[in-house]
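Number of protein chains: 2
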Amino acid sequence: MRIALDAVGGDFAPDAPVAGAVGALPDLPPTAEIVLLGPQTEVEAELAKHGDASGRIRVIDAPQIVGMAEKPLAAVRSKPHSSIGVGLKLQREGSAHAFISAGNTGAVMAASALILGLHQGVERPAIGAMFPTASKPVLVLDAGANVDTSPREMRSFAHVGAIYARDVMGRKDPAVGLLSIGEEPEKGNAAVKEAHQLLKDEQHAFRFVGNVEGRDILAGHVDVVVCDGFVGNVVLKFYESVAHLFTGLLQREMEETVLRSEAMGRVFTVLDYSTYGGAPLLGVRGVSIICHGRSSARAIRNAIGVAARSVERHLSEHIGADLAGGSAA
Amino acid sequence: MRIALDAVGGDFAPDAPVAGAVGALPDLPPTAEIVLLGPQTEVEAELAKHGDASGRIRVIDAPQIVGMAEKPLAAVRSKPHSSIGVGLKLQREGSAHAFISAGNTGAVMAASALILGLHQGVERPAIGAMFPTASKPVLVLDAGANVDTSPREMRSFAHVGAIYARDVMGRKDPAVGLLSIGEEPEKGNAAVKEAHQLLKDEQHAFRFVGNVEGRDILAGHVDVVVCDGFVGNVVLKFYESVAHLFTGLLQREMEETVLRSEAMGRVFTVLDYSTYGGAPLLGVRGVSIICHGRSSARAIRNAIGVAARSVERHLSEHIGADLAGGSAA
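Heads up: the sequence lines are chains A and B, in that order. The numbering of the first sequence is the numbering used here, which starts it at -2 and goes up by one. The numbering of the second sequence is the numbering used here, which starts it at -2 and goes up by one.
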């Protein structure tokens, strides 16, 4: 197994990606390798700081840099030798099995769709975001790859999300909910009401629990929450900001001794996104993981773990087979 | 000033509404009165427990009860003598100036629109939800009265929200943001992009700051966040659940002495919705305040304060004048 990692994407590159790669090695199968993408000299210099002697981390030169604020499609087209372009092409050629980046999200999405291609029946891939809860995390998709999502697209999100929950999150019989504003099938906007009917009327390999509300996302009843990318993106960013608000409030009000206690450490851990390390781009032919721009080395390390699990469990093959089965195509 | 209060609406009725009314008297102008609506004997018995000798709280008989789970429109039509129906008719006749209920939200919305009527240019009223933040609260609307909101409706939400922020929330020069998935005008779904153009291209008596993202809602840059009712409802319910998750986490992890500290009390206060007491239904001709079904006496008391302020500041007249001005009609 070979995992390609964008070493120059994200606010803390190249430090965080390179440290994340070094840190991830013990988590991976002994034969697995990591390929770092970026300007060769720069990345090698960063890697040298870690004195890694495993021989399992290589650098492949990708001299072009896609900035965080660049227009995605234009950047992908004008910079074929960027870390994103080169990393994804390795996967298309079969020289790598997964790609991870904390760089320009739009560019990673566009390049993944263009270079890896999409599974049959997928119009646009969906971003699956892991939401921390008091117990196990929940997958919310789409978290922002699409807007004005059609009912058929929402149905395909349910399928790919359920397979991800089973293969990568280890949920044996995934429960999938459709995000709406009431439990009854007739509650919701036009697209959600139609998606509800599509999901209710078909056979599938997961439990469709019907509509769930905003308050149910974190309640632990469901493994996957399906929604339009506009709604998912708003809720994802809102959740991040609430976690910041809470931790900020605690820091403002509580004394140092309390803040540094183990108990408070456990509270902060729950609210820490980096535990889940990255959001899968679901629907592409292959494995592409998008990390938050502010990803730490720990977040990257965890994203590498997610990528490895996706490869080992044959996530992409399972998604392809399910969608080709026609039920969601 | 006379404020009509549904004494039998909500999970903790009649205790919470009646206690809330008694508690609110000191907050109100000395001539203000409160009218409690519900089955006369039952409500009078509850009121008697408080030994209120002010003479400023009266009971008016409304023998029919609308259940929390009843279909709104059918309930409104079949029960004209419910607390909701009688209370709103008092306002239409001029015998009361505001109505407050923690009962069936859909029924309060439907009855408010039917009985009070809507301001010119309003197709459906919007629910304005107060979101607690680390500093001053922010008004999010629509929080669930509408789905598939049109760009013109979103524009009218911006207008009524800004007037509410000025009149009732005391913001002198309200900043209004349009909820989207990126700051640039071209980011968003079809309806939001069009609403952005409508708001950008017109003159109005508030600052339109453009698009805001999910992470900006609580950041304190804006006084009002405008969105489709589907999105607003999801985010509102999600926020409530996050506040619960967070307090639950603290309760699980922290020791009693810390939990009972004044500092932790301040943290919990920020996360307590009841501080803001109720969501105004904006766009109706009059004042109608919808409280959470789980409202405590404190929440009701605060809602009465909000209603009184709305009446004193001539909120409804200001909204009517703004909308009749044509800019958002």
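By construction, these hints were calculated from the structure, which means they are not laboratory data. Careful: at least some of the hints might be erroneous.
Given that identical chains are not distinguished, each listed pair holds provided it fits within a single copy or across any two copies.
Stated by the list, open to error - Calculated cross-link-like contacts (lysine-lysine; reagent style DSSO-like; alpha-carbon spacing at most 27 Å): (1) 234 - 190; (2) 234 - 133; (3) 184 - 46; (4) 184 - 68; (5) 234 - 184; (6) 68 - 133; (7) 133 - 197; (8) 169 - 68; (9) 46 - 234; (10) 169 - 46; (11) 234 - 86; (12) 46 - 133; (13) 197 - 68; (14) 234 - 197; (15) 68 - 86; (16) 197 - 86; (17) 197 - 46.
The structure displayed is predicted, hence computed values, not measured ones.
Query raised in the report: With identical chains treated as interchangeable, where does the CA-CA distance between residue 234 and residue 190 reach 27 Å or less: within a copy, between copies, both, or neither?
Result: both (25 Å within a copy, 19 Å between copies)
Query raised in the report: Is it within, between, both or neither when you check residue 169 against residue 46 at 27 Å Cα-Cα?
Result: neither (42 Å within a copy, 55 Å between copies)
Requested in this report: First find the shortest C-alpha distance between residue 133 and residue 197 inside one copy, then the shortest across copies, and answer within, between, both or neither for a cut-off of 27 Å.
Outcome: Intra 26 Å, inter 43 Å, cutoff 27 Å: intra-copy only.
Query raised in the report: Between residue 197 and residue 86, at a C-alpha cutoff of 27 Å, which is it: within one copy, between copies, both, or neither?
Result: neither (39 Å within a copy, 42 Å between copies)
**Report entry** Same-copy or cross-copy closeness of residue 197 to residue 46 [CA-CA at most 27 Å]
**Finding:** Result: close neither inside a copy nor across copies, 55 Å intra and 51 Å inter.
Report task. Go through the copies and call it for residue 234 and residue 184: within, between, both or neither, with a Cα cutoff of 27 Å. Result -> Answer is both: 25 Å inside a copy and 15 Å across each meet the 27 Å cutoff.
**Report entry** residue 68 and residue 133: within-copy, between-copy, both or neither at 27 Å Cα
**Finding:** neither (36 Å within a copy, 36 Å between copies)
Query raised in the report: Taking 27 Å as the upper bound on the Cα-Cα distance, should residue 234 and residue 86 be classified as within, between, both, or neither?
Result: neither (30 Å within a copy, 42 Å between copies)
Requested in this report: Evaluate residue 184 and residue 68 at a C-alpha cut-off of 27 Å and name the case that applies: within, between, both or neither.
Outcome: Result: close only across copies, 12 Å inter versus 37 Å intra.
Query - Intra/inter-copy verdict for residue 46 and residue 133 if alpha-carbon distance must be at most 27 Å - result: This pair counts as neither: shortest intra-copy Cα distance 36 Å, inter-copy 47 Å.
Query raised in the report: With identical chains treated as interchangeable, where does the CA-CA distance between residue 46 and residue 234 reach 27 Å or less: within a copy, between copies, both, or neither?
Result: Cα proximity of residue 46 and residue 234: none, with 34 Å in one copy and 47 Å across.
Query raised in the report: How would you classify residue 234 and residue 133 at a CA-CA limit of 27 Å: within, between, both, or neither?
Result: Classified as both: same-chain Cα gap 20 Å, cross-chain 20 Å, threshold 27 Å.
Checked against the numbered hints listed earlier, the structure breaks hints 3, 6, 8, 9, 10, 11, 12, 16, 17; every other hint is satisfied.
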